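Trainee: With chain A's structure known, arrange chains B and C on it following the hints.
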Amino acid sequence: MLVTGRIFALGTLIAIWIFALVSMMMAKKKLPSFRKLAGLDALPEMVGRAAETNKSVHFTTGGGGSLTDPVLPQLIAAMAVLGHVSELCAKYGVKVVYTVFLAEMMPIATEVMRAAYIKEGKADAFNAESQVIYMSGDQFAYSSAVQGYAERERPAANIMIGPFYAESQLFAETFFRVGSIQLAGTARGYQIPFFAVVCDYLLIAEEIYAAGAYLSKDPAQVGSIRGQDLGKALALILMILGLLATVAGSPFIVNLLKM
Amino acid sequence: MLSIAAVIVMADYFLKIPGTSAVVTDLQNWGVILSAFALGFGAVNLFYVHTRHISRRTPGQWPYSIWLLVMLVLFTVVGVSLRYTGPEYQWLYNSTLFALSATIYSSTGFYIASGCYRALKARNSEAAVLMIVGLIVLLKNAPALAVAAPVLVTMENWLSAVPTTSAQRGIMMGASLGAMALGIRTMIGRETGFLGRLTEAER
Amino acid sequence: MSKQEKNIWEKLENLPREFIYGLLLIAFILPMINPIGLPLPITPEVKKWYDTIEALPSGAAIIIDQGYSGGGEPECGPFAVAVYHHIFKKGGLRVIGVATTQEGPLLWDKAMAEVNPEKYGRKYGVDYIMLGYFSGVETAMAALGKDLRALTSTDYKGASLDQYPIMQGIKGATTFDLLICYTTGGDQSEGWVRQWYTPYKTPYLCNVLALMMPTMLPYQKAGQIVSLTKGAQAGEMELLVKMPGRGIASADVMTMTGLLVAAFVVIGNIAYFAGRASKKKA
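Residue numbers (my numbering), protein chains in the order written: chain A, 1 to 259; chain B, 1001 to 1203; chain C, 2001 to 2282.
Quick caveat, the hints were computed from the structure, so don't treat them as lab data. Careful: at least some of the hints might be erroneous.
[What the hints assert, rightly or not] With the C-beta cut set under 10 Å, the calculated list includes, among others, these residues of chain B facing chain A:
(1) Gly1042
(2) Val1044
(3) Arg1052
(4) Ile1054
(5) Gly1060
(6) Pro1063
(7) Ala1102
(8) Ser1114
(9) Cys1116
(10) Leu1120
(11) Gln1168
(12) Ala1175
(13) Ala1179
(14) Ile1184
(15) Ile1188
In this text the structure is predicted, and so the values were computed from the model without any measurement. We put the CB at the ideal spot given by N, CA and C, even for glycine.
Same shape as in the complex, but just chain A (with noise of 0.2 Å):
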């Protein structure tokens, strides 16, 4: 019935799901703390910004990617940052515009940021027109597009959640030269550097993942996340057991995994 060498694949898999589904249970009585992340912290100070220097807040999703890839979970989590900024932007009064790559993204982001805008208060303030902006579903194409609305716009925050791929060092390196502050989060490991080196708060991999439980402080999500960390914490064991054993020659680790 079971498909040799996925065995031990399968019990991690399951293993990881009780973390997670436990964790969310027990999150609802206590909520787990977590730690700073300063970019998403830094989000009312990029906000605020705008407002002071009455200029718009960009946001985007990343040239690449579609929804049946695997990037799919970053761009859920995209969305809820962006319904985060959208309600800090209603609140403000500041735009913050959303250029879109994946046309199927249009009415999601549309809808979050409408929410967002309905829950402050502001529904007439939002126009999906001039917001949601659709600019090509070429990658290159795309990034032209984006690095065109900086220069003319010079947005005062420009916030990249989301799969990135070669266009991340095209609109860091053009957000800079406009002045715009910087947000910046992929799980693409190797946009990680070119992020790195320009903007200025960062979050990594599964930071991003984590970015609608941070904002939102949803205790079934905070509680997935405890989940994910113990998950991590079991990788962890397995890698110092594996380690010791093979030092110690024995192969019952890699037996293990290879089940």
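Mentor: Only chains B and C this time, still in chain A's reference frame:
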């Protein structure tokens, strides 16, 4: 439905259950077809957005919108009538999209150079380490220098194989666990960030 | 320290972007116009890639993902072309091309035009074929691995696969001897590991952009990728297959621009420390 489909696909990977393999194959084939339709949706959206720019004579935008729609129609007509594998389509692609994409992508080289010049400064100990490692990797990737100074190759190979790979493994594991946790939240309906945050009362 | 000297260090620390880009442009163009012929080493990864293909028995089936975009063609294209030269020169191998990017089939045509398989006596439908673009990245890879014929019944030109001798016996991942991927996207390079290597253990050769190497190295170190190379190593492959092309021509450019950027970094640091020292003195 989402959760059921996800569980079926995952079950097929780990378990040998008669009948699921055919179901999963169909689900995967449907996924391929759906994503192909999403491409068409993008084109329709582009048409809609730019037609509005033209009809409203958006300042500084509408001439480019006309050009965009002309090219969109041209590519579509040539691709459908003369086949996208034909020499005409190939010529059109090479002259426009390919040339422009390669040009824009090449501009990242310039941005990286100015980024390196600005960022690789030994302002503190961590920045000094970053600068030294950056220089080693930069010089090793200059082929002639790799021949002239083989020690660069040894150093860069160690840097790639040990600290870089270890760090990447950590990032990948963290990202994978994060995606799993987000997947669990989505499947049980507790990830609401992408649905809009309104409660029934707020509506 | 005088104001003039301080200004020199400040100026050196803040060289205008236009100056840097101008010098870089010269470093790009001059070696292309006037090749210097600097030495080019053949690295173990490229040699392993070459040896893997060389070791394939006659009749072996290779699936190749033409997964790079037009933007990445200048980097991945020359390497792909050199490998196609190798495969077609060796002969006896079946090449089944797929594309996980929309531009893949067009770039395949571009590569084939550059390689000209007919000059090696290779025939479309007998020695090589392109099945076309499959959207969905990993979903498509999983579906291809399970049952390729269920996903498509035609090649990229719309002709039925049944008429092509190359497709005899080709069903899913288990019928292939080697998987090759040229890509500019991590979704493709990592996706093939998850959807083909992990379940089916298909030997996998991967060629990516240089910036993607750190992310892909864990897979190569874990043995999930036989050989991982970057597009910039095209010159080495061209040397091995004895077909000089764009890769060798770019090697001089890589050396010159690498040296130039390193020089900028050094100048920037000298200016930073000298400027700090002069401020302290003042």
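Trainee: Hint by hint, say whether it matches the structure.
Mentor: Against the structure, the hints come out as follows:
1. Gly1042: This interface hint holds because 4 Å falls under the 10 Å limit.
2. Val1044: Holds. Min distance 8 Å.
3. Arg1052: Holds, about 8 Å.
4. Ile1054: violated, 15 Å
5. Gly1060: Where the cut-off is 10 Å and the nearest Cβ of chain A is about 8 Å from B:Gly1060, the hint holds.
6. Pro1063: violated, 14 Å
7. Ala1102: holds, 9 Å
8. Ser1114: With a closest approach of 7 Å, the B:Ser1114 hint holds.
9. Cys1116: holds, 8 Å
10. Leu1120: holds, 8 Å
11. Gln1168: Given a least distance of 6 Å, the restraint on B:Gln1168 holds.
12. Ala1175: holds, 4 Å
13. Ala1179: Holds, about 4 Å.
14. Ile1184: holds, 5 Å
15. Ile1188: holds, 8 Å
Of the numbered hints listed earlier, those contradicted by the structure are 4, 6.
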